[in-house]
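Chains as they are written, first to last, in numbering that gives the first Met the number 0: chain R, 0 to 203; chain F, 0 to 241; chain H, 0 to 266.
Hints listed in this document are in silico derivations from the structure and should not be mistaken for laboratory results. You may find that some hints are simply not true.
[Said to hold, decoys possible] Here are the simulated DSS-like pairs of lysine-lysine, each with C-alpha atoms no more than 25 Å apart in a straight line:
#  : chain 1 : residue 1 : chain 2 : residue 2
1  : H       : K120      : F       : K145
2  : F       : K90       : H       : K107
3  : H       : K120      : H       : K84
4  : F       : K90       : F       : K53
5  : H       : K107      : H       : K24
6  : F       : K144      : F       : K130
7  : F       : K144      : F       : K128
8  : H       : K220      : H       : K24
9  : H       : K24       : H       : K5
10 : F       : K201      : F       : K144
11 : F       : K128      : F       : K53
12 : F       : K103      : H       : K107
13 : F       : K103      : F       : K90
14 : F       : K144      : H       : K120
15 : F       : K128      : H       : K83
16 : F       : K145      : F       : K201
17 : F       : K103      : H       : K120
18 : H       : K84       : H       : K107
19 : R       : K150      : F       : K228
20 : H       : K236      : H       : K24
21 : F       : K145      : F       : K103
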Amino acid sequence: MITQTGGVLDLFELDQRIAEQLSEVSLSSSIQVRCGNSNAFMVTASTMIPLMQMFEMGGVYICATRGAVEIIEAFETIGIDVSNIQFIDLVSSGILGGTDVQYSNITFIDSPIMLESVLLRTLYRLRIANTERNFVLIDSVNSLAIYNEEKMLAEYLHTFINTFRQREVLTVILNVPDQVPPSVLSNLDLYCTDLIDRGQVVIH
Amino acid sequence: MDEILRGGIPYGSTVLAAGTCGSGKTTLGMEFLVRGALAGEACAHFTATEPSVKLLENIRQYAFFDMNMIDSGLINVFDMDVLYSWLGLDKASFDLEDVHALIKAIVDIVNTIGVTRLVIDSVTTLCYKIKSEQLIRDFLFTLGKKLATLGCTTILISEITSASENAHWSSFGVEEAIADGIIVMGDVERMGHLLRFLQVVKMRGTSHSRAKHSIELTPLGVMLTPMLKWGAVNDNTNRWGA
Amino acid sequence: MNKQIKFDSEDEDFFGSVGSFGVPKFDNAMHGGVPRGFLVVGFTEVGSGSELFAKQFTSPAEEPDNTILISTDESQLEIARVFKKYNWPTDIAVRTLGEEYNARVLEKELLASRYRLEGFKLPDIQRLAQTRFVDDDTQDFLTEMTNEVMAMGPYFRAVIDSLDFFMQREDPGRVVAMLRMMQAHTQLNRGILFITVSNDTITPAVKQEMAAIADMVCDFKVRTIGSDFETSMIVSKFRNAPENLSIMVYRVTPEEGITPETVERIA
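Bound conformation, chain R alone (with noise of 0.2 Å):
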């Protein structure tokens, strides 16, 4: 796949180890996907799209980093339609205008503090999909982190994970991590099931 970035061509490459991994995964685990802050996209498209593609699931994704336009057109411009993926676009509202966007598949909510809603709303979304196995993907725990105290941010995270784990929605945990706090980190690590590194970036 090919895309123009700042006006210089670059190969976009996925990572195919990503896919393999998540082959051994089951619906109800809960992975937690370390990235850096160069190749945060690279790995988030590398999870989402074999998990589209191969595994034909549909899910939702919660945007606490940026907001959900931008990634749907960054997906659109490597070429991948993800009009059957819900979004849960917690940056925009506070961005004036930002809302006002022609997408049908964007739900707002006011504040990523208002964290009770990102999981209601999520449970509605997953509950009016069409699709029969969903994803739930959180990007990222660092945005998360801004805006919520650590302790709640934990407590947040248990819940969540242990919610969808329940249900058998697969839950994808996206963090930075030499930039979340200990305590969350630590609390993922003991949470999740699976763990997808790629949080360092091997330079040739």
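We have chain R already, so just place chains F and H on it with the hints.
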């Protein structure tokens, strides 16, 4: 809700759903009736706060609601204004005779069509016309007793100004005592944002959860999840200065 | 509003510039009758015979379908009986607002009483569940009355007996405002409008205001002389014809109805 109540509301109970404005009381009440209608129960909704035309228009957006339930008579929506007019009660305040006439009319309706689920929205608005506090107490007590005798499960929606821990759930000092159950609905303020909550304070005959739950009013109905415990450190329910 | 109405020359010839009071001797006293376009206001007393006079005023009925009697106190049956008695035309329009009001209000009260005593039956409940709006029985009879008059065509004849019904239920200012509208319509259409109102139901200020609007003002008086009653009509205003101001004593006869007396009583 059934999970929180460990099964549901016991048959024949009178439940007070006390909430601040915009907390989702009407939606909860309507969903209670719709779920009953889906199970084939005869249901009735007495609306005093909102004209039935507006109520039905607003409730249409919810996927759980089907207008056929109204058309087929499974759910009967009555405007209190119209009922008052039919009983010759279009006046500023009610006396003892008027109150008894109102109780009789409601009980008649419940009895005649075999209503097993009833919502009165809101009992606060209804009682504004009853000037004496003693008469209000008599009204609520008598109504609750008669409906319970008929095996009708009733939700009395009550409007309160504050849902904090120290607030009173009764506008007239008596509802809490006569009700078999109390469900409180309100908002918590978390760093400037409002989150709706619901909490079951009392429900006779059940070992209900007493946790505070966050609620969302979705097209599928009311959805609940327990509120984050650590969130309570920052949450503020004293929004209206009560 | 400079609305002009084109009158047929045939109509002008037929109707002329004046219309009858319905009492020939009054016509003579007023040098012909009531000028077309006049609003006549009668301030009445109990027992002065103003109700009979109002009915008699409709009796000329030059165009029966353009003549209306609006009564607020009597029933259709009662009015028909009086018209028959004096052989007045019965093919005019008669609207009994009082009867309509009583029927609606009393009927509603009766129904409410039944519901309270006997309770609701299933058909009642089904109807109640389908009724989304309160049936507003507090109909605006004042507007209805005004509309009846405003709907009359050129050279109409209308009588309203009496405004007491409205004065007791509405803001007098609103009643006077409607009176102005009717006066303007009467003038524009060369109609004749006669309205009665009891002295006891209006304040002096309202009476003055109504007198100012009216083209002709009659005061219906009754007094006792010895063991007899004397009824009289005082014409206290006649626009542009002060020579018509007079006091006319009248009585009621079975043949003519109200008729002025030609014999002067000496107290």
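Next on the checklist: Against the 25 Å threshold, does the CA-CA distance of K220/H and K24/H hold or violate the hint?
Outcome noted: Given that 25 Å is the threshold and the Cα spacing comes to 18 Å, the pair holds.
Next on the checklist: Check the hint pairing K90/F with K107/H against an upper bound of 25 Å on the C-alpha distance.
Outcome noted: With Cα atoms ~14 Å apart, K90/F and K107/H stay inside 25 Å; holds.
Checklist entry - Between K84/H and K107/H, does the CA-CA distance stay at or below 25 Å? => result Distance of about 34 Å is beyond 25 Å: violated.
Next on the checklist: Between the alpha carbons of K144/F and K120/H, is the straight-line distance 25 Å or under?
Outcome noted: holds (22 Å)
Item to check | 25 Å limit on alpha-carbon distance, applied to hinted pair K236/H and K24/H | outcome: With Cα atoms ~18 Å apart, K236/H and K24/H stay inside 25 Å; holds.
Next on the checklist: Tell me if the straight-line CA distance from K144/F to K130/F falls inside 25 Å.
Outcome noted: Cα-Cα ~21 Å, so holds.
Checklist entry - Holds or violated: are the alpha carbons of K144/F and K128/F at most 25 Å from each other? => result Holds: K144/F and K128/F sit about 21 Å apart, inside 25 Å.
Checklist entry - Given the hinted pair K128/F and K53/F, is their alpha-carbon gap at most 25 Å? => result holds (22 Å)
Checklist entry - Within a Cα-Cα threshold of 25 Å, do K145/F and K201/F meet the stated pairing? => result holds (21 Å)
Next on the checklist: For K24/H and K5/H, compute the direct alpha-carbon distance and say whether it is at most 25 Å.
Outcome noted: Violated: K24/H and K5/H sit about 32 Å apart, past 25 Å.
Item to check | Hint consistency between K120/H and K84/H [alpha-carbon to alpha-carbon, up to 25 Å] | outcome: Given pair K120/H, K84/H is violated - Cα atoms ~48 Å apart, limit 25 Å.
Checklist entry - Is K107/H within 25 Å of K24/H, Cα to Cα? => result violated (47 Å)
Comparing the model with each earlier hint shows violations of hints 3, 5, 9, 15, 18; every other hint is respected.
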